[in-house]
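S.K.: Protein chains in written order, with this note's numbering: chain A, 1 to 182; chain B, 1 to 501.
Treat the hints with care, since some could be wrong.
[Said to hold, decoys possible] Ranges of calculated distance between the beta carbons of each label pair, as one might list FRET restraints:
#1 A/ALA21 - B/ASP471: 51 to 61 angstroms
#2 A/ALA61 - B/ASP473: 24 to 34 angstroms
#3 A/ALA66 - B/THR242: 48 to 58 angstroms
[Claimed, not checked] Using 20 angstroms as the maximum straight-line C-alpha spacing, the simulated SDA-like pairs for lysine to any residue come out as follows:
#4 A/LYS166 - B/SER323
#5 A/LYS57 - B/GLN431
#6 A/LYS57 - B/SER323
#7 A/LYS166 - B/PRO266
#8 A/LYS158 - B/THR3
Hints were generated in silico from the structure; no laboratory data involved. For clarity, every value in this text was computed on a predicted model and none was experimentally measured. Built from N, CA and C at the ideal position, the CB exists for glycine as well.
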Amino acid sequence: MAFTTTKQAQDALAYEEYAAAAWPALYRSSYLLTGNHADAEDLAQQTLLQAYRSWAKVSRADQPAAYVRRMQTNLFISMRRPQGRRMELLTDVPPEPRPARGGTSGGQGAGVEDRMVLWPHIASLPPQQRAVVVLRYYEQLSEREIADALGCSTGNVKSTAHRALKALRAAIGSEAHDGEEA
Amino acid sequence: MTTELENVLARELHEVADGVRVPPMPALPTTEAPSATRRWQPLLVAAAAVLIVGVAALVLSQRDGGSVEPAPPGPTRITDPAAPDDTTISTAMPTAPFIVDGRLYVDGTEVPGERWWGLQSHGDVWLATQGSSGAWWWGGPGVDGGQLEGRFEQPPVLSPNGAFVAYVDVSSGRAEVNGFTTDPSGEGFGLPLTGLPRVEDGIPIRVRAVTDDGDVIVQGTQTSIMWRTQSGTELDTVDLSTTAPDQIVLQGTAAGLVVVDGSDGPTDAAETEPSLATIDPDGTLTPGAALPTYDALEVNPAGTWLFRAPAGTLGGDGPSIDSLLTQPVDGGDEVALDAPEGWGFVAFSWTWEDDETVLAGLVSQRRAGPVEYRLARCRVDLGECRAIPVSEPESAGGTATDAPRSFTAEQALDAVVGAVASGDRGSLLDQSVIDDPEWSQLVEFAAGQGGSAGTCRDNGGGTKDCEIALDADPATTYYAILTPGENGYGWRITYVSIGGA
């Protein structure tokens, strides 16, 4: 079909441009979600593939970034939950928080991350809590936007964030943060 | 209010992100244009990219002797799905039971009654209810079926193989568990199981699952028993609170029971990760493959594929969902089944037609105009859905011209003109509403701009001659001929032309 050749070429070009521009940010947020480079690359790549498959919808969306973010978080949660369950099945004790490996060799990340207080414990959060933490405190999204990304209610976002903060607080020792309310 | 903890959290996340060295973007598919309907092709291209970047291949676990094994470790990988033999989705009227717009169809024929819902269908046996009556009906091959006797506060349950139905009957004022076999010579379970509380902590006890062996699992917030209805011993029960403490059975599937650990936290599959499990006659529950959280989940008759509405997607006021996710039960890639643009899958309207095909009701999502309903058939091996026509009973075996068309010719043409404007044929409810040459011609006429359908006139033989106004050339009138067609619109555009041509 003459039309589809031209149209497809235009769409492919638009998608290429979008993917190239979105890749760095997508990878960084994927790293925060997964905590390691292998899974981050997998998540970022699958998100772009899903965006590719739904490009007609993505490109027409009022906020393509929000549309893709929703894909990314849903992919992350669906990827991670079975893994967490498998770990529980295969071991008798809860897994140790997996220290995130920061930048690759030559990067500054590993050293910086080793000195961090909360980041090592974020890896031990359940997927939905981790997603809420990343969307709220890194992406700086509102509760409404997070709810849209996760396909849940704002009440669910609030309760999930509350549980995440509570878990982090417990992980680092409650005494260190007593009376911390600003 | 922001706490110090939150401040530290935000700072550390940004420091980590800033310190991440972003690798080059891997090769992504660009040789074919993006499409909402071409699902596997980019995956094939990406599979090569995955190999290039050295990602390990997915290791698929094998189920052993019917026992359920944990899903394979490692992140989801892109695999090369086996090419299906048939790359088309049939538009034939389903013979499997389904519900569209509150109408129940069984074996291609509408069952009398209205406002049907709650359909369960396994092995050609079906169970459904109407309105808010609380009455349930059932039917199956070679049996007359009919209304279930009793009063039910919770839905009766059909076993995955369709051989058994079990329920909690409260017509006597007490909870009495009972059921029957669904084969033509079927019979009841005998004496009902009594002595159970009707309500525990304000929640009615209910039948959670019936296994293919006829074992009925009844649970409340405290009660947890399995009634072995086919053991040959009258009222043979097993106390699951002893043999499988804290295990909450959510449903039975052809792949096993779906359970959650109720010892800590919520006991629903939306918040607690469920898993498959098998249950022995002595009530021992053996955990199996982990499952993703869900709001709704159905496993195919062979127990090999599942589809689900992810957790959180069916809450609130949303009566529909844009996509269902499907994947092999024992692990593997997850594929989205997208409803056509402008449509959503009606919540809980879905059922497996066979081991590869899902039937789901569609509801229009337009902000204006009447709500419309259709039926979609989705192939999990293709990752695609297609709207299919639903014929009225008297025309189920008739020709295309006999079939009812709930779209007028103007509406069908208008939908096509809208898709032409966006250049997205995939957004159509059913792409076969227009032939390829006519689509190309219209796109050329529209030149990337919008338009609308004008009036249509009878053109003989059931066809319609319709005008089209296109923004690209408002002074010119374009024409299209529509003929009755067996597709989601009930019409097919077979000819387009320019005024005076």
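S.K.: Next step is simple, just say for each hint if it's right about the structure.
M.R.: Going through the hints against the structure:
1. One distance hint, 51 to 61 angstroms for the beta-carbon pair A/ALA21 and B/ASP471, is violated here, with the actual separation near 31 angstroms.
2. Range check, A/ALA61 to B/ASP473: about 30 angstroms between beta-carbon atoms, so the 24 to 34 angstroms window is met.
3. Between A/ALA66 and B/THR242 the C-beta distance comes to about 50 angstroms, which sits within the given range of 48 to 58 angstroms.
4. For the hint pairing A/LYS166 with B/SER323, the CA-to-CA distance comes to about 33 angstroms; that exceeds 20 angstroms, so the pair is violated.
5. Between the alpha carbons of A/LYS57 and B/GLN431 the distance comes to roughly 16 angstroms, so the proposed pair stays at or under 20 angstroms and holds.
6. Restraint check for A/LYS57 and B/SER323: the C-alpha separation of about 13 angstroms stays at or below 20 angstroms, so the hint holds.
7. This hinted pair checks out: A/LYS166 and B/PRO266 have alpha carbons roughly 17 angstroms apart, not beyond 20 angstroms.
8. Restraint check for A/LYS158 and B/THR3: the C-alpha separation of about 15 angstroms stays at or below 20 angstroms, so the hint holds.
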